[in-house]
Amino acid sequence: MISIPMEFGLILAGTLFVLGLIGLMVRRNIIFVLMSIEIMINAAGAAFIFAGAKWGEPDGQIMFLFILAMSAAEVAVGLGLILQIYHKFQTLDGDTVSKMRG
Amino acid sequence: MLELLWLIPALPFAGFLILALFGSRLSRQSAAVIGVGSVGLSAILTLGIAIRFISSPPADHAFSQMLWQWISVDAFQPAITLYLDALSLVFIFVITFVGFFIHLYSSLFMYEEEGYSRFFAYMNLFVGSMLTLVLGNNLLLLYLGWEGVGLCSYLLIGFWYKDSENGYAARKAFVVTRVGDTAMAIGLFLLFTSFGTLDIQKLLQQAPQEWTINSTQAVLAAALLLGGAVGKSAQLPLQTWLPDAMAGPTPVSALIHAATMVTAGVYLIARTHVLFTLAPAVQTAVAVVGALTLLMAGFTALTQRDIKRVLAYSTISQIGYMFLGLGVGAWSAAVFHFMTHAFFKALLFLGAGVIIFVLHHEHDMFKMGGLRKKLPVTFWTFLIGSASLAALPLITAGFYSKDMILWYTFAGEQGNDWLWAAGLAGAFITSIYTFRMVFVTFYGEAQAEITHKPGMQLKVPLIVLAVFSLIAGFIELPHTLGHLTLFSHFMHSALPPTEVLHESVSLELLLQVIAAIAVLLGIYIAYHIFIRNRSIANNLTASGPGALLHRFWYSGWGFDKVYDTLFVNPLVWFAKINRNDFIDLIYTGIAGTSREFHRQLTRTQTGRLRWYATGIVIGAIITITVVVYL
Amino acid sequence: MEILFYIASIVAVVSTIMVITRLNAVHALLYLVVSLLAVALIFFIIGAPFIAVLEVIIYAGAIMVLFLFVVMMLNLGKIAVEQERRWLSPGIWIGPAILSLILLLELIFMFAHSSQAIQATMISPKEVGVTLFGPYLLGVELAAMLLLASIVGAYHLSKRKKKAKHRFMEETAE
Amino acid sequence: MILIWLIAILMIGGILAWISQSWHKNAPRWIALIAAGVDFVLVAVIWLQNLSKVDLTGQSQWLFEVNYQWIPQWGISFFLAMDGLSLLMALLTTFLGLLSVVVSWTEIKERVGFFHFNLLWILAGIMGVFTALDLFLFYFFWEVMLVPMYFLIGIWGHENRIYAAYKFFIFTQASGLLMLLSILGLYVIHGQNTGNYTFNYFHLLGTDISLFTAAWLMLGFLIAFIVKLPAVPFHNWLPDAHTEAPTAGSVILAGLLLKTGAYGLLRFVIPLFPDISELFTPAAMMLGVLGILYGAKLAYAQIDLKRLVAYTSVSHMGFVILAVFSLNELALQGAVMQMICHGISTGALFILVGAMHERIHTRNIEDMGGMWETVPRMGGVGMLFAMASLGLPGLGNFVAEFLILVGAYQVSIFWTVLATVGLIAATVYSLRIVQRVFHGEKIKDWKIPDFNVREMVVMGSMIAVIVWLGLFPQSVLNTAKHTLNSLQQRKVIEQTAWQTDSQTLNQNTSENKTIIK
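Residue numbers (my numbering), protein chains in the order written: chain A, 1098 to 1199; chain B, 111 to 740; chain C, 85 to 258; chain D, 1191 to 1707.
So here's chain A without its partners, still in its complex pose (with noise of 0.2 Å):
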């Protein structure tokens, strides 16, 4: 079959995980941030199958399967919450939503 070497599967989860992240950094739109996460999730996700793959286990892809559960709760009760925020602020601004502070 193929073979590629290891670490460039493991630099494109990379990479698509610091995307995610400069996503989450720079957006102030709440869906934004949410879509970032979701990127770094998945690109977790892919970390592990590369590593599953590598090893010939299917636990990597099991550690995905967990991982695609966890995220479509978070991305369910993320987006109740910004509907929740959307309704009270009018406005879907990251800023405004800053009473929790020192």
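There's no promise every hint is true.
[Said to hold, decoys possible] DSS-like cross-link-like pairs, simulated, lysine-lysine; straight-line CA separation at most 27 Å:
id : chain 1 : residue 1 : chain 2 : residue 2
1  : C       : LYS243    : A       : LYS1196
2  : A       : LYS1185   : A       : LYS1196
3  : C       : LYS210    : A       : LYS1151
4  : B       : LYS671    : D       : LYS1487
Bear in mind the hints are in silico, worked out from the structure with no lab data behind them.
Just so we're clear, the structure is a prediction, and the values are computed from it rather than from any experiment.
Given the structure of chain A, go ahead and fit chains B, C and D onto it with the hints provided.
Chains B, C and D alone, transformed into the frame defined by chain A:
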């Protein structure tokens, strides 16, 4: 009879306790009876014991009576024991005798004052502590009396507590004497560490064996004791408090600041004379201090206007004579002068008291005058006292005692001519200011009206003390006048005799004549200036240098100003600058910095999501670098 | 086959970059879907077909669609895009970009020296299923509970009174 | 058994007082009075019994011992013992405790039950501190005495009492923890050396530790006790705590809490680390003299009367440090005497200031003046205790200060001379109290009642004790003689042991020893 010795100090203390506890409930009459009675009883007791002591002296002329063991820790075993020998007998005789008359006098003098029983309580406490001082056989008991006397002088000077001036004078007296007491306390520590005991008699035996002449320890111990004596007897460095102490009632000045307390220093040096003979340097220092003080006080007395301050400075000067006597080793002469001085100075103070009492608290001499006819008894007794103070030759007691000191200063083993010259000059000035005082107050036209005639209780003490001021001198006659040495013979049991270098009667006669001339000259000058034409005195002080000198002498040679600028003001300023303790800033500082640190930290929590994300990333970077690369 | 892997990864990276730079939420979502599909392809290439399929169905299909629903429901439109442009000033990119770059370099540096190749043996879904319900049975239970909790949470959070969703309508009490 | 009773009576009394608050407003006062009174009688009886017995030497130094296993695994035992020193301290505790209950009869109005609970529990803690000989138990009582004091200052205090309570608590607690470290250090080292892990004071006495570790352990103990006995750098809690505490609190704070520090030095620091305390003497004497002079200077500058009296106790406690580290019997006897006399004279001054505050509701010295006319009895008492605080012979403080200075003189002349200068400073601030409060012009015309019978009884008893201590101090000195002798022997044995194995001992310790003989 001697067993009743403990009663002598006990009676005044008992008087004090009764008056202090039940004073407010007692009537003035009963308070006076208790106050005067207690001192009277101990006076009679002293008389009895004196007769018993002189007629059949106990073993080696001393009798000690132990009351109880005060403290006993390791080697430090001071006990409350009373020790009676010739020296302490003379002192307790004078204290109780003069004390009784002064109490009698003040029973009427203080009659209208409020706090009558409080006054007698303090006076009894004073007499009690002075007797303990004189009778104490170990230096610690002496120190107890010493501080007790200091306390009573504080209480009595500040008796009229309403006006804070008196309070200030009282505190000044207590603090200045306390400086002397601290020096003496350190002397006590030194003596105890070297000899392991504070018992005076044991000290005097062990000192010559263990210490060599002029060894550092001996000099140090003697100097420290001298410091204590100087403080209490208002000698040169620490004499500023006595003139201000005149703020107290006049009987107080008579008893404390003339007869008894101020001579405590003389008693201390006489009592511990062996230490001073062991340190000749310090002994001459005593003489020099005495000489300088008598000159300084004499000149200052010349310029004073307040009758009590004149007497105060004359007291300092006369005690200077006693110190001079002690310095040259004329122990019994000094004690003799103490006795005579106690009589005539108490007389002068009481006389001044009558004048002030009669002219309702007028102190300034130049506002009096012409009292000769109005107060005959006071005038004559005052005149006798002044004559004795000025040492009018042959008839007054002052002459015999002062002359004895001058003779030993000149001829004595440690005497020297400069000191004698100073003594002579002192005698000359004394006669001037004494008779200036007499002529100004009693002669000239009357300026103030007399309110009321003095009662019997005021006159009796004056008369008795005047008699004593005259006859007291005859118990000790110099070679030239019959050589009767009753007093010095009596004193030899306690104090060593003074050797005289060249024993020649003619020389003694010559010195006496010189002294007599000096005194008479002084009287004439006083007469000339203050009776015949007052203008000389005024224009003397009006001109430039004369005014300057006058002001300089008037302020007590500027000692007060010097002490204020050197000690009092800096210390008060130093105390005031950090009123609330800069060390506190350290702790409030710690608290402050921690609060500030907290405030900075809270500012990092902005509540914005993106800021937290960045925080996480920074954290991640740091941990990764640390883990992977370091 | 390797060439396919490289192409898919490039597509994934480019589309992810597009996701975080788009102003319009819907465009970003679609790019995200593309990126997910590319990743699914990579999974397929290296021999995890089951997960690839799952990724497409659940991740791309379900989650992204959910996202789309919510975005549509919020119906942001023009104003939102304008707002995004204001929020996305160029200056804002520099800080995070540098940080992430450092992080990326570190990650790359860390992964660089592990150079075994992946044999990419095919792991059939059967094997995955066997191990899933073998040692990981407890994990599955937990995942199920998590999903249940999220459903209840989501329902509760988005429940609110009948009122107008649009921001111009006046507000009725909650 | 009696020792347990002494502490138990106070504790039970405290709880009862708290409960009885609901029955009747004044019930807690009477219960507290009875508890403190019974305790005082008990200790007085012990003392009178032992007065004759203590003199004859050879009889063991410890009068009573109570030793039960508490936590055997760690070797902690409930070990109380009383000897001459702790008997005197217990006597002082119960005496001042009784007086503080009587004094706060009209002053404390709200939450009377809880007040008396705290008061009695502080006394129980102090009693425990003075009798505990198991280091763990000692630390336990150290805490028991601390917490109720915090409440006392915090609840019934004056204006900024919270700040003062915090400061007091943090100061003592922090230093207490240092002491705990040293105790544990000692415990571990002893355990390693001898195998049996115990907190028992007698076993720990013998541990031989290297000089270096001994220094650190001693430092822990020292700081705890020096903070409590306020030495200058650590004294800042005292003025605040005193100014804000109620009268009873101040009396107990000044009378007893400061003494626990001094007692700790005598009981734990000197016997446990004799050679280190020998080396530490010059520094300690410097600290003492610094305390005397700096305390006096600050006392002179204060306007708040209570703060002024607080700084005077800093100055007096300076004498105690000077004495404790002179390590000869004269100074140690002087230190014990000073602890007692200072407790009484400063306690009395605080009661006086408290009574004044109760009447004119201000402690500011500037608007007091010429009070002698309106309140002569208070003036007389104030005058007497001001004289006691300046060390007038014939009163207790003089005997103490003289013994201390004579003892210290044998160790170092320089510091003693400086300390004696402190006497002049003492005169200045004491006379200032009398002048500014009782003498001088009347600034405000106060119409206030003089001392009533209750206050006069309290003051009378204190005057009697201070004058009796001044003229007949021997009975107190005898009681403490045994402890201080054994303290001395241990020091001497320590030196001879040191001499035999190291011949290079420097000259002054042996020469110092000859003087003590």
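Consistency of the hints with the structure:
no. : hint                     : result
1   : C:LYS243 with A:LYS1196  : 23 Å, holds
2   : A:LYS1185 with A:LYS1196 : 13 Å, holds
3   : C:LYS210 with A:LYS1151  : 18 Å, holds
4   : B:LYS671 with D:LYS1487  : 23 Å, holds
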